[in-house]
Amino acid sequence: MKKSHFIVAVLFCMTILSGCVDRKVIDDVNIATGIGIDKSGNQFLGSIMIPVFKPDKSFGNFTFVSKGNVIRDLVSEMQKKASQPIVSGSLDIALFGEDVAREGLIKTLDVFLRDPSVGARVQLAVVDGKAVDIFKGRYGDRGNSQYLTQLLEHNMNQQNLPITNLHRFLANFYKRGQDPYLPMLKKSNHNLVTITGLALFKDEKVVDILHENKMFYFKLLVDNHILGVVKVKEAHGESTVKSIGLKKKMRLIRRDPYTFSIKIKLKGDLTEHQERMLKEGEIRKVEKQLAKQIARECKMLIEDFQRKGIDPVGFGHFAKSRTRSFDFKKWNTEYKNAKFKVSADVHLIGHGVVE
Amino acid sequence: MNKEGRGVMIQGPVQERLQISPFMAAYVIISMQIGIGVLGFQRIIAKDAGTDAWISVIGAGLTIHIIVWIMYKICETVNGDVLDANVYLFGKIIGNSINTLFIFYYTVTCAAVLGGLFEIIRTWMFQSLSSFWFAAVYLLLGIYIVYGGFRTVAGISFFGLVIPFYLLFSFGFALQYGDFTNLLPLFDHSFIQLVKSGYHMSLSYLGYGILLFFYPFIKKPEQSKKFVHIGLLATTFIYAALAVITFAYFPLGLLEKSIWATLEMWKIVRLPILERFEYLGIANWALILLPNIALSLWVASRVTKRIFHISQKKSVIFIALACLIIVVLISTRERLNVLFDYTALVGFALAYVYTPLLYFSLLIKKKVKAK
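Taken in sequence, the protein lines are chains A and B. Residue numbering for the first sequence follows this note's numbering, beginning at 652 and increasing consecutively. Residue numbering for the second sequence follows this note's numbering, beginning at 340 and increasing consecutively.
Hints listed in this document are in silico derivations from the structure and should not be mistaken for laboratory results. Please note that a few of the clues may not be correct.
As the list claims (entries may be wrong) - Just a sample of chain A residues kept apart from chain B, beta carbon distances all over 10 Å, derived:
{"no.": "1", "residue": "D673"}
{"no.": "2", "residue": "D707"}
{"no.": "3", "residue": "V716"}
{"no.": "4", "residue": "V721"}
{"no.": "5", "residue": "G780"}
{"no.": "6", "residue": "D784"}
{"no.": "7", "residue": "R793"}
{"no.": "8", "residue": "Q801"}
{"no.": "9", "residue": "A822"}
{"no.": "10", "residue": "K865"}
{"no.": "11", "residue": "A886"}
{"no.": "12", "residue": "Q940"}
{"no.": "13", "residue": "T984"}
{"no.": "14", "residue": "N988"}
{"no.": "15", "residue": "H1002"}
Stated by the list, open to error - In silico DSS-like cross-links for lysine-lysine, where the CA-CA straight-line distance does not exceed 30 Å:
{"no.": "16", "chain 1": "A", "residue 1": "K856", "chain 2": "B", "residue 2": "K386"}
{"no.": "17", "chain 1": "A", "residue 1": "K856", "chain 2": "B", "residue 2": "K596"}
{"no.": "18", "chain 1": "B", "residue 1": "K558", "chain 2": "A", "residue 2": "K654"}
For every residue, glycine included, the Cβ atom is placed at its ideal position computed from N, Cα and C.
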C-alpha cells in the first residue's frame, strides 16, 4: 500500500514539475548560425545570421545588425529587434572584420568561451572587408552558414587550408610559445566567397597575412595530416602533386643558439603533367624538385615568421617540451637567433591511370 | 534484539538475506568515489604540478589501497563496522558521540553533491531552475532507494556506473584535438609540488570511507577484498586517463579558466543527431550522482538507527529534509565552494588521520585486553 502511495506522489511531481523550467521550442526561436563582428567608428558593429526555413523547403537568410560597445550588448540590442529569442546553441561560424582582428580577438572570444551553449567546433575566420557584407550575400542552396562552414571544412580536410576552429584557436593562443592563425575570407561576388589566405596572429592581434599560394607549405609545418595540392616546375614543364601522407619529425639539435631540424616526408600522387609522356626516371626528377621546393619554401616561411616575431609553428612550445624549467622570457630573444634546418623527402607513389 | 552478549556488538549481525555479494562492494565504492569531483578536478591539481599532475593522480590513487587495507583491518578486528570500533575503543558515551559526527558528515556530503549537481544544471541547461523543487524531487528518489534497503542501494550503485559507462568513449573526440606534447617534459616539477597536487587529488578520490559502514553487509568480506582493490585501481585509471586527455586537450592557460574541464571537453563533440552533447552528458551525470546521494542518505540514516534506535525509514526523511535546507541555503557558487572545501577537508582528515589512528588504538587496546 505504502509503496503505491509513493509512486503516485512521484508521478504527480513528474507531471506538474516538468513544465517548471524555461523551454525552448525549436520552431519558436531564432537559431543564430553565424555571427560577424566589425568595427564602426569606436563601436562594434555586430551581425547575426539566421536561417529562414520557407514552406517550399528552400532556405533564406536573415541578418540582424546592431551597434554596441561590448558583444553581449550587441546581442541584447538585436533581441530588441527579433520577434523570437535568438539562441546561440547552433552557432557554426564567427567572422571578424580585419580591423577588429588587428585590435585583438580574445575579449570577443571570451563571450564564446563563457557561454556553455556555444560549441568548441565553431569555425572562425577573418574577413578581408566587412563581415556583415559576407552575410548579406546568397550562397549555395543550403543556406549561408552551411555554405561558409562547408567551404572552410572541406578545404581543411582535403585541400591546403590548415585546420582551425574555436578550440584550436584558443588552444594555440593560450599555449605558451605558439601563435594562432585563422583563414582569411573575401567576398568575390554576391554568390561566392573565396579563401584568400591565412591571417597570422601575434598573441591576439593579426599582424600578417599569408598568401593563399604559401598555405600548402604552412600546412606542412603545422598539421599532422595533409591532402593538399602543390605545383612543381622543372625542366620538362609544370606538374601538380596531390599529397596523401605526411610524416614529420622535428628535433631540437642544439640549444645555443637554438637549432631545430625539421624532416618532412611526403607521399603523393602525380595528378597532372604538362608533357604528354612521362619519361623513364622523370618521376624521380619531379620528386627531387618538389623536395627541394618544399625545403626552400618552408625555410623561407619560418625565417619570415622569425623576422616578424611570430611563431605559428610553435617552436617555443616545442623547445619547452624538450627542456626542463624552460624560460619563456629568454626565449623571446633566443627565437630571433634560432637556426632552422629543413629537409624534405618526397615519394610519388602513383601517377594516375595513364603512362 | 539489540544486545546479544557479544560484548563489542551494539546490534546483532546483519542477516544474510540483506547482504550483498562480495563483488558488489567494488561497485559501491567506485560509485561513491566518482561524483562531482570528476567534472573539475583537473584545474585544481594542475595549479601545483602543472601537466605533471597525472603522476600525482596515480600516486594519490595508490595511497588509497593502504587506507582501504587499514579499513578492512579495523572492521575485521571488531567484526563489525566503525561504529562498533568506536564504542569498543571509547566506551558507549564517547564512542557514540564520535559516531554522531558521521551523521553530520554524510548529511553535508549529500547536500554538497546535490548542490554541485544543481549548480551544473543551472549553469549549463536551465538558468531558472528552482533549487528547492529540484532537490526535493531528487531527494525523494534517494529516500525511495533507501527504503529498499542496502541491497537496493548497492543495486543503484551498480546501475549508476554501468549505464553511463559509455560516456567514457565521448572523450575520444577530445583526443582528436589533443596535443600530447603539452605533457612534456615529464617530471618538470619538484617532489613537493607533486605531493601538493596529490593532496588535492586525494580529495576527489574520497568516498571509499563508506566501506567502514557497509562492511557488515558484505557476504564473505574476505572475498570482497580483491574486488574492492581492483575497483580502486579502476577509479585511479579513469581519473588518470581523464587527466592525461585534459592536459593534452587544454593548454595550461586555458585549463586555468575551465571550472568544469571534463564538461568542457564535451563541447568538441558533434554527432549528426545531437548538436550539444553536454545535455546528454549532464542528464546522465544525474544518474552517476544518484548512488552518491542514496549511499550518503543510507549511511546517515543507518548511523542514526544504530545510535538512537530510530527506524531508518523515519530518520532518512529528517536527514533528507536537512539536506534540502542546506541545498536551498547554498545558493551561490562561493558558498558552495566553502561547503566543498570543508567537506573535503573533513573527509581527508577522516581517511588519512582518523582511520590509521583508530587502527593503532584498536591494536593497543586489544593487546592490553588480552593481558
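We went through each hint and held it up to the structure:
For A/D673, the condition that its CB be more than 10 Å from all CB atoms of chain B is violated, with the nearest at approximately 5 Å. Look at A/D707: its CB is around 25 Å from the nearest CB on chain B, clear of 10 Å, so calling it non-interface holds up. The claim that A/V716 is not at the interface with chain B holds, since no C-beta of that chain comes within 10 Å of its own (minimum 25 Å). Non-interface status of A/V721 relative to chain B is upheld: no Cβ of that chain comes within 10 Å, the nearest being about 19 Å off.
With a minimum CB-CB distance of about 29 Å to chain B, A/G780 clears the 10 Å threshold, and the non-interface call stands. Annotated as non-interface, A/D784 keeps its C-beta farther than 10 Å from every C-beta of chain B; the closest such distance is 28 Å. Against chain B, the non-interface label of A/R793 holds: every CB pair exceeds 10 Å, the least being about 15 Å. With a closest Cβ-Cβ approach of about 14 Å to chain B, A/Q801 is found to remain outside the 10 Å limit, as its non-interface label requires.
The beta carbon of A/A822 is not kept farther than 10 Å from every beta carbon of chain B, the shortest such distance being approximately 5 Å. At the 10 Å boundary, the C-beta of A/K865 stays outside the reach of chain B, the nearest C-beta of that chain being 23 Å off. For A/A886, the condition that its CB be more than 10 Å from all CB atoms of chain B holds, with the nearest at approximately 41 Å. Non-interface call for A/Q940 relative to chain B: holds, since the shortest CB-CB distance, roughly 32 Å, exceeds 10 Å.
With 10 Å as the threshold on Cβ separation, the claim that A/T984 sits away from chain B holds: the shortest Cβ distance comes to roughly 21 Å. Separation of A/N988 from chain B is adequate, the least Cβ-Cβ distance of about 22 Å exceeding the 10 Å criterion. At roughly 32 Å from the closest C-beta of chain B, the C-beta of A/H1002 stays outside 10 Å, upholding its exclusion from the interface. For a cut-off of 30 Å, the pair hint linking A/K856 to B/K386 stands: about 28 Å separates their Cα positions.
Annotation: proposed proximity of A/K856 to B/K596 holds, straight-line Cα distance about 21 Å (limit 30 Å). For a cut-off of 30 Å, the pair hint linking B/K558 to A/K654 stands: about 28 Å separates their Cα positions.
Violation of the numbered hints given earlier is confined to hints 1 and 9; the remaining hints are satisfied by the structure.
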